[in-house]
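Enquirer: Following the hints, position chain B against chain A.
What follows is the residue order along each chain.
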Amino acid sequence: MSAKFLFPLLLVCFSFKVISQDKPCTKEEIIESYCSSDKFHKAHTLVSSKKLEEAYVLINQLLDEADTNNDSQLRIYSLLLEADLHYQNKSFQKSLATYMKCLNSIQLNQDIKFYTLLNIGFINAFGLSDYEKGVDYFLRAQNLITDESCLTKKTLLYSALGHVNMISGKYSDSENYYLESLNLNLSNNQINEVAGIYNNLGNLYFEQYQDQKAKTFFLKALNTFKIKDSTNINLRQQFNYNLFAVNEALGNYKEAIGYLEKSNTLRDSIWNRDKVWEIADLSKKIALDKKENELRVLEAENKAKEAQRNAVFASALVLLALLGVSIYFYREKVKTNKIITSQNEELDKLNATKDKLFSIVSHDLRSSVNALKSSNRALVNNLETKNIEKLDELLNTNSSIVNGAYNLLDNLLNWAMLQTKQTYFHIEEHRLFTLVEHVVFNYQGLFAEKEIKFQNSVSKKDKILADQESLKIIIRNLMDNAIKFSQAKDSISVYSQVEDENYIQLVIEDSGLGMSETKRLELLKETSLLSKKENENIIGTGLGIQLCKSMIKKNNGKFSIESQLGKGTKMIVSLPKASENG
Amino acid sequence: MDKINVLVVEDTPSESDALITSLEANNFNVVGLATNFKDAISLYNSTNPDVLIVDIFLNGLPEGINVAEVISVSIDNAKPFVFLTSSTDRQIFERAKLTKPFSYLLKPFNELELFYAIEMALEKFYEQKDVFLGDGEDTVITEDYLFIKKGRALKKVLIKDIIYIEVEDKYCNIITEKEKFVINISLVKISKLLNPNQFFRTHRRCIVNVEKVEQIILSDNLILLSGGLKADLSDNYREILQRVKTL
Chain A
1 MSAKFLFPLL LVCFSFKVIS QDKPCTKEEI IESYCSSDKF HKAHTLVSSK KLEEAYVLIN
61 QLLDEADTNN DSQLRIYSLL LEADLHYQNK SFQKSLATYM KCLNSIQLNQ DIKFYTLLNI
121 GFINAFGLSD YEKGVDYFLR AQNLITDESC LTKKTLLYSA LGHVNMISGK YSDSENYYLE
181 SLNLNLSNNQ INEVAGIYNN LGNLYFEQYQ DQKAKTFFLK ALNTFKIKDS TNINLRQQFN
241 YNLFAVNEAL GNYKEAIGYL EKSNTLRDSI WNRDKVWEIA DLSKKIALDK KENELRVLEA
301 ENKAKEAQRN AVFASALVLL ALLGVSIYFY REKVKTNKII TSQNEELDKL NATKDKLFSI
361 VSHDLRSSVN ALKSSNRALV NNLETKNIEK LDELLNTNSS IVNGAYNLLD NLLNWAMLQT
421 KQTYFHIEEH RLFTLVEHVV FNYQGLFAEK EIKFQNSVSK KDKILADQES LKIIIRNLMD
481 NAIKFSQAKD SISVYSQVED ENYIQLVIED SGLGMSETKR LELLKETSLL SKKENENIIG
541 TGLGIQLCKS MIKKNNGKFS IESQLGKGTK MIVSLPKASE NG
Chain B
1 MDKINVLVVE DTPSESDALI TSLEANNFNV VGLATNFKDA ISLYNSTNPD VLIVDIFLNG
61 LPEGINVAEV ISVSIDNAKP FVFLTSSTDR QIFERAKLTK PFSYLLKPFN ELELFYAIEM
121 ALEKFYEQKD VFLGDGEDTV ITEDYLFIKK GRALKKVLIK DIIYIEVEDK YCNIITEKEK
181 FVINISLVKI SKLLNPNQFF RTHRRCIVNV EKVEQIILSD NLILLSGGLK ADLSDNYREI
241 LQRVKTL
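Going down the list, the sequences are from chains A and B. Start counting the first sequence at 1; every next residue gets the next number (UniProt numbering). Start counting the second sequence at 1; every next residue gets the next number (UniProt numbering).
Quick caveat, the hints were computed from the structure, so don't treat them as lab data. Even for Gly, the Cβ is constructed at its ideal location relative to N, Cα and C. Careful: at least some of the hints might be erroneous.
No farther apart than 35 Å at their CA atoms in a straight line, the calculated lysine-lysine pairs in the DSBU-like style are these [stated by the list, open to error]:
| # | chain 1 | residue 1 | chain 2 | residue 2 |
| --- | --- | --- | --- | --- |
| 1 | A | LYS577 | B | LYS192 |
| 2 | B | LYS129 | B | LYS178 |
| 3 | A | LYS472 | B | LYS150 |
| 4 | A | LYS554 | B | LYS178 |
| 5 | B | LYS124 | A | LYS553 |
| 6 | A | LYS554 | B | LYS97 |
| 7 | B | LYS124 | A | LYS472 |
| 8 | A | LYS577 | B | LYS124 |
| 9 | B | LYS129 | A | LYS553 |
| 10 | A | LYS577 | B | LYS97 |
| 11 | A | LYS577 | B | LYS189 |
| 12 | A | LYS338 | A | LYS50 |
| 13 | B | LYS178 | A | LYS453 |
| 14 | A | LYS577 | B | LYS79 |
| 15 | B | LYS107 | A | LYS356 |
If you want the footprint, here are the derived chain A segments under chain B, 3+ residues with CB under 8 Å [as the list claims (entries may be wrong)]:
| # | segment |
| --- | --- |
| 16 | 241-252 |
| 17 | 416-429 |
| 18 | 459-471 |
In isolation and in its complexed conformation, chain A is listed as follows:
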């Protein structure tokens, strides 16, 4: 029987239809409207798209969840999914058992109950071929149908009843159900359903060998579609095939061949359409991939750009920091350069002074040593001629030359020590008188020789704060000067006088040659060296005075000169007073 294979097709056909109503009506819609979680939704989608194994795992998880949370609704819906899954897997017994579990659940709403009963009917009737039982369940389902029940439910139920009756040979019952369904759908203008029912009716009559009537219904079914397009192509192909079958039975072979051809063409085009869809899907997929790739590329580009921007930003920061640092260092450098320049200038000056000093000192030393040499030669000559009287005089000359040279060297050494700050320098309280006495003690011979009257009238009470050795060097140099610029029978006196409450003046006064104002000022200038020899026999480097000034400064003292040409000179050293009771 050619018509038998149509049933599964019809069932599939029903599951395809989409009726849009505000209230969920189909089983799919009801389940979807429940959708408590993503997981459930996923399970539902998997069942619908026939990915049964994956769905099964999820459903089991959902059932566990429902048990642990005591969620009866979730349990029911999950059971529905499971049953559906088993049904699709053609495990009819399992499906049936699951539906029964579902049916026995307490909080079962009318919709679920209806579909459960309906599906049990389906399984009994079409899966297990137990028509009686199937009809039984369908009728129980029918009891749930009210006037408000949605069209889909009714259509499904009546179609099922029609089918089952037709299969079990109760043709008139079957016809009644089909007609009722047809009526419903016609009044609701459901073209696909109407066409399906016409086709079913055709099948029904075909079963009863009312071939002419069957042909009419098949044609009717085919002609229901005013627009013949891809949405109804499956049905049309089916209808054409049925028409071929019925015409064949009627003996209208020509017509039958026409329908068969038509059916084949449609099948080809279905196949093509599927193919086209596949291709379309494929190209869509490719396009998607492409888009995704593009996206990825864009993303990568974005990332790269971002990275680039970050890099630029970072390098800008680094550059800025570098700039800051370099500016800082540049400034520092400029500063140090300034300092270095000034230091250099100072050094140059000092160096020039030193060079000059060297030339003068070496000149003086050279002349001293030379004088000693010639004096020695004279000494030797006189010794040979036994001119004893002359010897004493020459020896005295030698001694004074050596003394002068020694003083010069001493000053030189002291100068060097002062410059390098290597010397011990410790300011203490001293009695001025004692220090003067100590220094002057060495000049006794010289005073006698030059017939100079000397007097130390420094007060024994005057105590000053100074470094002992440097103060002695100062006094020694000033004494040297005083003696140097004094002539026979001149007098030199050293005395102290109170300058103010903080200072005591030590005055070294001679009645010697004196000096001009310019020379006086020159001597008081800082870092000046004298090489002019105003007084023929007197060596004057100015080194002594220079040393004095430096050392007085270091002892926190002051220095001044008073002088009149031809009348004498006063060298005045002011030194800090020691506190009275200290």
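Expert: Showing chain B alone in chain A's frame:
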């Protein structure tokens, strides 16, 4: 009065010769000459000098400072000393300064400077500042001696030889068994520095060494001292009676 004993630590013969000559010419008694650290220490221990003159550089090394360090740590027998040096090298001086009291003499030096340095050493060591150099006084009093400046030189008198001291205005007559001389020192200072268990005021103008007392005649307010000397005893100063058996 005795001469001051000086120990010289100096390695250069010409310098030590000059030094010793000028010391002896001025009535100092040079008890020894050491040329190295070891000799210096052994001479120091054997000769009991009153003052040391130490050259910082001995044989090219600053061993003189070591000598000073050793003698300045021997608390019971420390003595004043004078450093001799030919350079004012700061580092050496910084080290020498640690051996307080610190007095130094820079070469070349003259006699005045030499005696001044010795005087400074004594003043600093016995912590009696401004004695020899000032106008007023000329005596440093130690536990055992009076160091008295006489002209340029110094003399010492063993304190236990003093029989009594007669105080005049700003000076004192020191009377020993052998001699009698005047020192410039105030009464306040001398009574502060002399051992109070040995010297007692017996009169407004008289300080007596209790060890030299032979007899006190209270009825006459008279103290008979060794060597046939006498001192007055005033009613206001009778502390001495607690230390002397009265007749």
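Enquirer: Against each hint, give a clear statement of whether it holds in the structure.
Expert: Each hint, compared with the structure:
no., hint, in the structure
1, A:LYS577 <-> B:LYS192, "holds (30 Å)"
2, B:LYS129 <-> B:LYS178, "holds (30 Å)"
3, A:LYS472 <-> B:LYS150, "holds (25 Å)"
4, A:LYS554 <-> B:LYS178, "violated (53 Å)"
5, B:LYS124 <-> A:LYS553, "holds (28 Å)"
6, A:LYS554 <-> B:LYS97, "holds (21 Å)"
7, B:LYS124 <-> A:LYS472, "holds (21 Å)"
8, A:LYS577 <-> B:LYS124, "holds (21 Å)"
9, B:LYS129 <-> A:LYS553, "holds (28 Å)"
10, A:LYS577 <-> B:LYS97, "holds (24 Å)"
11, A:LYS577 <-> B:LYS189, "holds (26 Å)"
12, A:LYS338 <-> A:LYS50, "violated (90 Å)"
13, B:LYS178 <-> A:LYS453, "violated (43 Å)"
14, A:LYS577 <-> B:LYS79, "holds (32 Å)"
15, B:LYS107 <-> A:LYS356, "holds (29 Å)"
16, 241-252, "violated (count 0)"
17, 416-429, "holds (count 7)"
18, 459-471, "holds (count 3)"
Violated hints, in rising order: 4, 12, 13, 16; the structure is consistent with all others.
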